[in-house]
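Residue numbers (our numbering): 485 to 697.
No lab work stands behind these hints, which were simulated from the structure alone.
Errors might be hidden in some of the hints.
To be verified - Pair by pair, the computed Cβ-Cβ distance ranges are:
| id | residue 1 | residue 2 | range |
| --- | --- | --- | --- |
| 1 | Arg612 | Met532 | 49 to 55 Å |
| 2 | Ile662 | Tyr632 | 19 to 25 Å |
| 3 | Glu567 | Lys629 | 52 to 58 Å |
Said to hold, decoys possible - Subject to a maximum C-alpha distance of 25 Å in a straight line, what follows is the list of computed BS3-like cross-link-like pairs (lysine-lysine):
| id | residue 1 | residue 2 |
| --- | --- | --- |
| 4 | Lys585 | Lys547 |
| 5 | Lys585 | Lys570 |
| 6 | Lys570 | Lys622 |
Nothing here was measured: the structure is a model prediction, and the numbers come from that model.
C-beta atoms are modelled at their ideal positions from N, C-alpha and C, and glycine is treated no differently.
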Amino acid sequence: MMKRILVVIFAAGWTSIAMSTPAAIAAEAKDKSWPCIQRKVPEISIGMVWSGPEFKVDDQAWKRTEGVAELVKVTTSRRNSIEDAKTAIDKFLDAFKGDTKSTLTQVFTGLFQTINGERREIITGIERYARQQLVLAKRIKTLTKELYGLTASGAEPTPEQSKRIDEINEKFNWDMRIFDERQQSLTYVCETPVLLEQRLFALGRHIVQHLEQ
């Protein structure tokens with residue numbers, strides 16, 4: 485009877501995995517390798533986050549302008565809130581003497597390059613994470629099938645079979661724990677690209693407000 489219960493438990497566990505794998509979560513999505521509910525946007529479009537002067541996306545001048553590189557570092561750090569980042573921009577401008585339009589455009593160029601680059605790395609990591617989850621899910625499915633094969637007849641298992649059932653049970657519990665922990669982490673990580681896009685939009689708008697003054 486206990487062995488039959490184990491089969492039910494394993495089957496239930498596998499069902500939960502099937503419902504939370506990338507293929508299931510992204511069933512409606514065009515990119516089947518994307519596990520997030522949030523739509524995959526590999527690159528941020530400039531037009532979505534910036535209404536200021538035109539600039540070259542690959543321009544590196546901001547790295548050489550005094551104070552700008554450090555400001556970009558501070559304002560792109562997720563340790564600092566968006567409001568703190570805005571305050572850092574304000575303080576920079578209060579102390580700045582020079583071409584405000586050119587310098588603020590450089591600041592946004594640095595923000596755009598840095599945040600877009602960070603988003604690309606995170607998106608690549610999410611896709612790699614999803615592939616690892618699929619591998620783990622397949623391994624759990626294999627364990628489930630093996631257990632079912634050992635217990636489906638309802639006959640009392642042999643000592644060797646009992647030993648193997650215990651081994652499967654231990655592996656299953658361990659793999660399920662890892663799988664569930666990863667899924668919880670993935671839920672948070674999936675939000676990060678959107679949060680970064682929102683950050684860039686908010687800071688871009690703040691810079692444009694200064695340009696319009």
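Consistency of the hints with the structure:
1. Arg612 - Met532: 49 to 55 Å: violated (26 Å)
2. Ile662 - Tyr632: 19 to 25 Å: Given range 19 to 25 Å: holds, Cβ gap about 22 Å.
3. Glu567 - Lys629: 52 to 58 Å: holds (53 Å)
4. Lys585 - Lys547: holds (16 Å)
5. Lys585 - Lys570: Given pair lysine 585, lysine 570 holds - Cα atoms ~17 Å apart, limit 25 Å.
6. Lys570 - Lys622: violated (47 Å)
When the structure is compared with the earlier hints, violations turn up for hints 1 and 6 and for no others.
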